[in-house]
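Asks: The chain contents come next:
Number of protein chains: 2
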Amino acid sequence: MADLIHLPLIEEAVQACLDRGFYAHFPESPKAYGEEAPAQGEAGFFRMLDRPFDLMQEKEDGLAGEESSPYTGKALGIQYPTFTPEKLVSRAEAARPAWASSPFASRADFLVESLERMKALFFTIAHATMHTTGQSFLMSFQASGPHAADRALEAIAMGYHQLGMFPSRVTWEKPAGKSSIRLQKTFVPVPRGVSLAIGCSTFPVWNTLPGVYASLITGNPVIVKPHPTAILPIALIVREIRKTLQEHGHHPDICQLAVDTRENPVTKSLCEHPDVKLIDFTGSSAFGDYVESLPGKTTFTEKAGINAVILDSVEDPAPVFQNLAFSLSLYSGQMCTAPQNIFVPETGIPTSRGQLRYEEILSMLREALKTLALHPKMGAGTLGAIQNQATLDRVRKARIEGKLLTDEIRVANPDYPEARTLSPVVLEVGAIDRQLFEKEWFGPVALVVKTRDTDESLDLARKLAESHGAITCAAYSRDLDTILAIEETMNEVFTPVSFNFTGPVWINQHAAFSDFHVTGGNPSGNASITDPEFIDKRFVWVGNRYMDNPQA
Amino acid sequence: MADLIHLPLIEEAVQACLDRGFYAHFPESPKAYGEEAPAQGEAGFFRMLDRPFDLMQEKEDGLAGEESSPYTGKALGIQYPTFTPEKLVSRAEAARPAWASSPFASRADFLVESLERMKALFFTIAHATMHTTGQSFLMSFQASGPHAADRALEAIAMGYHQLGMFPSRVTWEKPAGKSSIRLQKTFVPVPRGVSLAIGCSTFPVWNTLPGVYASLITGNPVIVKPHPTAILPIALIVREIRKTLQEHGHHPDICQLAVDTRENPVTKSLCEHPDVKLIDFTGSSAFGDYVESLPGKTTFTEKAGINAVILDSVEDPAPVFQNLAFSLSLYSGQMCTAPQNIFVPETGIPTSRGQLRYEEILSMLREALKTLALHPKMGAGTLGAIQNQATLDRVRKARIEGKLLTDEIRVANPDYPEARTLSPVVLEVGAIDRQLFEKEWFGPVALVVKTRDTDESLDLARKLAESHGAITCAAYSRDLDTILAIEETMNEVFTPVSFNFTGPVWINQHAAFSDFHVTGGNPSGNASITDPEFIDKRFVWVGNRYMDNPQA
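Protein sequences appear in the order of chains Z and L.
In this text, residue positions in the first sequence follow my numbering: the first is 1, and each later residue adds one.
In this text, residue positions in the second sequence follow my numbering: the first is 1001, and each later residue adds one.
Simulated from the structure, these hints should not be mistaken for laboratory data.
Possibly wrong hints are sitting among the right ones.
As the list claims (entries may be wrong) - Partial selection, computed: residues in chain Z whose CB lies under 7 Å from chain L:
{"hint": "1", "residue": "Phe53"}
{"hint": "2", "residue": "Asp54"}
{"hint": "3", "residue": "Phe494"}
{"hint": "4", "residue": "Arg545"}
The beta carbon of each residue, even a glycine, is placed where N, CA and C say it ideally should be.
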């Protein structure tokens, strides 16, 4: 076996996973990649527009591509080769045996190498992400670049750890009277088969890369099927993985890209192909429920969640509303971790300077949102742009549903006059208005829900997480008993709680090696990035036994 | 936290799980339990006949019991209290929070204590097992006693290991310019909820105890629903667990027994109750498929498997046929690990003394079976008795299906003249007779399948495992390339292979801490006793975050 040069890093990453403290391998600052990198990366992006994309996958059946920039309103004009599901799956099957039988340590080493290769593309991927998802440049760079690469490294590390849990061979010797019975045993982690990763339109790399790397480290070939409106960021990565595979003597079809259009999707054909055994999915609950219902597949889904904020009591209110306003505004609420329902007791909340009345709370929230949106330096960048028309329509619909606390503010983006940029719409509703707050309003829509007290806030948040799913829950309280009750109650419905966040830490952020993204325990999804199950379900332990004693 | 006196044992057991070498905690010899124990245990069994069973579960809704002995043909006459599913589940729910919130190390310690208490019942449980399942006394003692207890200890140990994978609290500190961002984080393994364990009629303790203990260690209350014809062995254990719970200040309803009859089963009502979140099942494929199809449940099934023997080449044939005959005869083939289809090349097989012709192979197998069945000391004991009429009917049906290699021999059991004891029926079929060998003939039925060569044998074995499921595969070969091909091919369909077993080691045996019982990768079942998934799927990691910095 060739030198596994990345093994020290892998072992460090394994320890980080087990420790769950702060750890990052890929620097998240764009400045850390050298002076030339930003311009080179940007140029690389512009070179790809209005051209066919060379995926290095041969003998395509067609061409397709319908991406457009939420910033310029213009089509990217990129055409990708398309392939029938049958062709993709049979190519994956052909590549499968050699990858499955390679030692997992070699796979881990190779996969880290592929991530190191990805670094050179971070800036190009950033522009690609920006001009497909509408994320700000900085978020695009971080989320699709170092943060996604760290999540992929986390998957490699957990994979390496889980695959090494049992010895590959052992001598089993049972005392039997004066002698013993000896068997040689082997323990083989057998990969389950072809893996399909279905991407979403808002985080085409960050949400998809962990599943891709979890399947690859466990020995399964992967077919990546991005959302038709956000292909380029992940296409760049798939191509680089294929190049790296080839250079290392592996079959490039261990990783393939499946491209389709909204009008002619291939997703279900791929899902239902009998040789597809593993499916990772991020997207709507409707499609996620379909994926989970497929017999004979092992699935990992992230669906919709309705995230709550429980306001109980604060030390100093201003930083709280600043923090909340940022969480609501970041990437225009198009994050599965973004808060939506803010539960506020009608009696207001205690602060270190006395009771803050209900109306004052609403007023402070409104002002914080407005201040942020109209901030000349931070506003447009924080908000990013709206990814698609459906989200815009959703905002328009929300505006007429109820009492508006804040209306959208069209925010001018100085660099992109065509950008679909608007600040969050916040409705004010009562606890009785279930039909309004018991649904996910994906995008820059939030609801202030007036409750009787914290008990009612918590009860509503809990029920919602249990019935509709939740990925995050934010709580602000200075009372220890209340804090413990909130934690216990929300944990019972498998929802994590973040307490008293102020300053530059936002509930939207889930850090690699530390935060489990989606718990897998409520309707927001059935899997967790990256718990042991996220790895273990992708392979099967099979033990063989060999008689050792000579025959009597 | 009180002294955890069993912690050293638990840590030793964890290491055994990770090492997968030979390890046992509970002595498997009946002689190891003291001179008084056998007689006391037997007397304890007889005292229970023809009486109500005091389960220590109050306010029953009725009484039921329809067990009868495969050895005497007589009803046991034991009546058990029955409870509505609603009552059982609501009692489990009431007991759940306290158990869920107890530290997992305390649970582990308590659960080991409950196993140590079980030792005093091993002999009574053995008689109960014998007179419900038809297992021989020795198998009854070992399988329902020390082997099951070792499997339960293995589940406790794996649980302790998996639950301790991440720290319960950690400080997360990310450098941020000249200062840092600090969060306190907690990681909580939250149990999924009420767990249901559905038992089978042939191994009412061995197959059920691992799931029961896996659910208990991960903090879930358990309802045990035995097969109506094999209740007593597990009822004794459930009662003892309840007593031990009570004595240790825990709610006894953390473990309950649900009794029903074949005519009025409560299994589906329990399965479909919304508060039942985990289901362990051993039994028919039809019911197992139903269990797996239930939405909103996490399931662990062991269904039917059709186990193959591949004869390729042997050193010395006689020990091979002796070993095979024992495997086929043990407990009259009523083991999910028992071989059924013996693939024999028409050209015969090489041995160290020359080619053994096909007809000679059949003849040696027939003689070995007959010799064992009619052995005055070993015959009746090895065979045990037939558990139920359906299995007898199946044997009768098999006898007329094809060319009989060996017919059943009614074997007299000197201790039990009424015992349903008969030796295996072996049919001789061709590779073309798929409709005969592509089904599970549970019981003393085997088929010799004449093939062209080992390639065809392997191909048929593989296809059968993939389409119908297999729990074991035995192979006899002296050629290394063939051995590797068999291992690789069968492992690809997630079937373990045992090579060249002769002497007192039989494929039927799966040892605790070492052999994964059922891989969970083919249609014989979706779970494996006891891989990490068997534990991890019973709880959810939830991470909470607390802002640590003082507010700016």
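Asks: Next step is simple, just say for each hint if it's right about the structure.
Replies: How the hints compare with the structure:
1. Interface hint at phenylalanine 53 of chain Z: violated, since its Cβ lies 35 Å from the closest Cβ of chain L, which is beyond the 7 Å cut-off.
2. With its C-beta approaching chain L no nearer than about 34 Å, aspartate 54 of chain Z sits outside the 7 Å limit, and its interface hint is violated.
3. The interface hint given for phenylalanine 494 of chain Z is met, as the beta carbon of that residue sits about 5 Å from the closest beta carbon of chain L, less than 7 Å.
4. Hint status for arginine 545 of chain Z: holds, given a least beta-carbon distance of 4 Å to chain L, under 7 Å.
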